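There are 2 protein chains.
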Amino acid sequence: MRSIPELQQLIGLAVAEQRFPAQPKELYEPISYLMQLGGKRMRPVLLLMATDLFEGDPEQALPAALAIEVFHNFTLMHDDIMDNAPLRRGKATVHEKWSSSVAILSGDVMLVEAYKLLMKVPASVLEKVLKVFNETAVGVCEGQQIDMNFEKRSHVSIDEYLEMIRLKTAVLLGGSLSIGALVAGAPNPQAQLAYAFGENLGIAFQLQDDILDVYGDPEKFGKQVGGDIISNKKTYLLIKALETAKGDDLHSLENWLLSNEVDLKVSAVTALYDKLGVRTMAEQQMISYADKALNALQQIDAPQDRKQELEAFAQTLLVREC
Amino acid sequence: MRSIPELQQLIGLAVAEQRFPAQPKELYEPISYLMQLGGKRMRPVLLLMATDLFEGDPEQALPAALAIEVFHNFTLMHDDIMDNAPLRRGKATVHEKWSSSVAILSGDVMLVEAYKLLMKVPASVLEKVLKVFNETAVGVCEGQQIDMNFEKRSHVSIDEYLEMIRLKTAVLLGGSLSIGALVAGAPNPQAQLAYAFGENLGIAFQLQDDILDVYGDPEKFGKQVGGDIISNKKTYLLIKALETAKGDDLHSLENWLLSNEVDLKVSAVTALYDKLGVRTMAEQQMISYADKALNALQQIDAPQDRKQELEAFAQTLLVREC
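As they're listed, the protein sequences go chains A and B. For the first sequence, position 279 matches number 279 in our numbering, and the numbering has no gaps at all. Our numbering runs 322 ahead of the 1-based position in the second sequence.
None of these hints come from the bench; they were simulated from the model. Since the model is a prediction, treat every value here as computed from it, not as a measurement. Yeah, the Cβ is synthetic: ideal placement off N, Cα and C, and Gly gets one too. Take the hints with a grain of salt, since some may be wrong.
[Said to hold, decoys possible] Here are the simulated distance ranges between beta carbons:
1) Glu541/B x Arg153/A: 20 to 28 Å
2) Pro343/B x Pro5/A: 35 to 43 Å
3) Ala593/B x Asp83/A: 49 to 57 Å
4) Pro343/B x Asp83/A: 22 to 30 Å
5) Lys25/A x Gln621/B: 36 to 44 Å
6) Leu13/A x Thr602/B: 29 to 37 Å
7) Gln224/A x Pro343/B: 55 to 63 Å
8) Ala22/A x Ile609/B: 29 to 37 Å
9) Gln345/B x Pro189/A: 47 to 55 Å
[Unchecked claim] Chain B is nowhere near these chain A residues, computed Cβ spacing over 10 Å in every case:
10) Lys116
11) Lys131
12) Ile146
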């Protein structure tokens with residue numbers, strides 16, 4: 001089995017070698033620009049690991065892995081317009097560097113390019129792979145819409161939040177693993193277990209992200225620590241804090257939500273989180289999803305050492321500091 | 323063979339019966355809204371006629387026809403954002419009625435829905451159909467980008483213009499016919515002839531549109547007659563006029579391009595077009611593409627009466643007054 005750095009390198013090389021037509025350059029240059037900003041390539045790595053898990057050939061799954069990375073970057077390109085984000089991985093977003101029109105249209109063609117790449121899976125599994133991909137893509141769009149709707153709502157429940165992150169983040173991890181399994185010729189129930197592993201891992205991963213945004217090491221965390229608190233983002237921590245707090249604590253939390261202070265707000269809200277114990281609650285929730293993921297993995301009928309590789313990778317994703 | 327009104331009704335019914343999830347409603351309501359604004363359903367009708375031409379069952383091709391109509395409406399939803407258009411078929415555009423973010427994301431999910439519908443073609447032709455669709459979709463995106471680039475350029479050649487309308491408008495007609503043929507089990511060379519019929523018909527259709535924008539009957543033409551002249555749109559007529567005009571005519575035309583007058587500008591530029599004979603040139607170019615289309619149709623190995631139906635439909639598209 002190939003190591004994770006080897007798989008990341010394989011994907012990095014495939015991204016670097018991807019060629020698009022020279023014209024119209026406003027359509028294709030933004031794709032190469034965004035794709036080459038880097039990132040952990042977590043989704044395509046998981047896809048290739050799933051192929052490996054079922055003793056398939058990762059090289060054969062490479063176009064599908066690239067399809068997932070292109071799709072993921074398409075969602076980033078369009079989400080950044082909607083979120084009015086100036087930066088992506090420390091560089092100007094496509095709509096800032098070019099224009100919103102360019103980012104819309106270039107994103108559209110990326111989605112088609114993802115389908116073009118998926119066409120390269122073995123013909124015998126094409127239909128199955130496309131069905132998983134279609135459902136995944138619809139889920140990601142639904143998740144983004146629900147996330148945008150949350151911004152306008154005063155109250156969101158934990159269940160609603162978990163469903164939103166399942167759609168926005170986790171189904172793509174599930175889809176990646178399922179497609180990797182299908183390319184290796186895994187039967188449907190096995191591919192579904194791979195999906196369940198990925199989906200639960202994805203929810204755990206997002207909960208970890210919420211925790212790191214508050215408690216991450218500022219030296220290692222890529223974004224500004226406390227960014228979610230400053231922007232009143234409805235994360236697991238904030239929703240749980242609002243649910244748990246009573247009396248003065250609730251009053252204080254609600255007041256801080258109205259505040260434009262930056263540093264004081266972050267430290268005060270963090271102190272409230274500590275007092276209410278929401279970090280522990282989030283960690284327990286995260287562990288419970290991680291357990292579900294590992295439980296699905298254990299049920300998979302594959303060599304134990306290959307399963308251990310995936311388990312180890314899952315652990316690195318969940319104990320990360322950034 | 324079914325009549326065109328029957329086919330239009332079949333599609334209208336399929337559009338009306340299309341059901342999307344209830345939530346998130348900002349994602350799905352705009353799809354139903356835009357799809358039900360109507361239109362001639364020209365592309366799906368052509369697809370079903372191609373299936374009929376090769377003695378296939380139009381009912382079986384209905385999901386693919388609907389896919390093409392969904393795809394076409396996806397391009398309208400996103401193009402309207404880029405063009406900052408307030409109205410579509412006399413009603414508020416999606417980005418005006420909801421927001422740009424809603425129009426971006428709802429459009430994205432429509433593109434995925436188009437693929438989901440295409441999955442319903444017979445498994446034996448799925449790969450072929452998807453390949454045609456992918457190429458078509460990429461072409462349409464390229465055409466839109468080139469069209470936007472034209473707005474910023476001072477000079478565009480007739481060849482560049484024809485290539486732009488081929489991509490932006492014609493490949494989707496070609497793709498529709500080709501997919502309809504493939505669903506009926508037509509061999510590749512026959513499907514390619516159907517494609518050539520559609521592509522050339524599409525170019526002729528767009529040239530006719532350019533002519534009607536200036537010379538159409540204001541009572542029957544849906545848009546404002548002279549709209550292209552007012553906005554200095556680089557149509558076949560304007561490009562040809564700038565190429566042909568000399569001396570005072572060229573000077574006068576260039577001056578009118580700088581003018582903000584509306585009524586006077588339309589009548590003056592139209593008078594210049596008449597003097598230069600660009601309407602006739604555009605009509606000749608249109609006829610030459612229509613001939614290419616009919617020539618491809620004649621080469622198709624299909625019952626003569628069915629070919630005549632398609633020829634008659636092509637004629638109605640090209641002698642229309644609106």
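The hints, checked one at a time:
At about 49 Å, the beta-carbon gap between Glu541/B and Arg153/A misses the expected band of 20 to 28 Å. Pro343/B and Pro5/A have their C-beta atoms about 41 Å apart, which keeps the hinted 35 to 43 Å range intact. For Ala593/B and Asp83/A, the Cβ-Cβ distance of about 51 Å falls inside the hinted range of 49 to 57 Å, so the restraint holds. Range check, Pro343/B to Asp83/A: Cβ separation about 23 Å, and the 22 to 30 Å hint holds.
Between Lys25/A and Gln621/B the beta carbon distance is about 37 Å. The supplied range of 36 to 44 Å therefore holds. Hint check: Leu13/A to Thr602/B, Cβ distance near 57 Å, so the stated range 29 to 37 Å is violated. For the pair Gln224/A and Pro343/B, the supplied restraint of 55 to 63 Å is violated, since their beta-carbon distance comes to about 36 Å. Under the hint 29 to 37 Å, the C-beta atoms of Ala22/A and Ile609/B, about 34 Å apart, fit the expected range.
Here the CB-CB span from Gln345/B to Pro189/A is close to 29 Å, at odds with the stated 47 to 55 Å. A beta-carbon of chain B comes within 10 Å of the beta-carbon of Lys116/A; the shortest separation is about 5 Å. Not every C-beta of chain B lies more than 10 Å from that of Lys131/A, the closest at about 7 Å, which undercuts listing it as non-interface. Under the 10 Å C-beta cut-off, the non-interface status given to Ile146/A relative to chain B is violated; the minimum distance is some 5 Å.
Hints 1, 6, 7, 9, 10, 11, 12, counting from the list given before, are not met by this structure.
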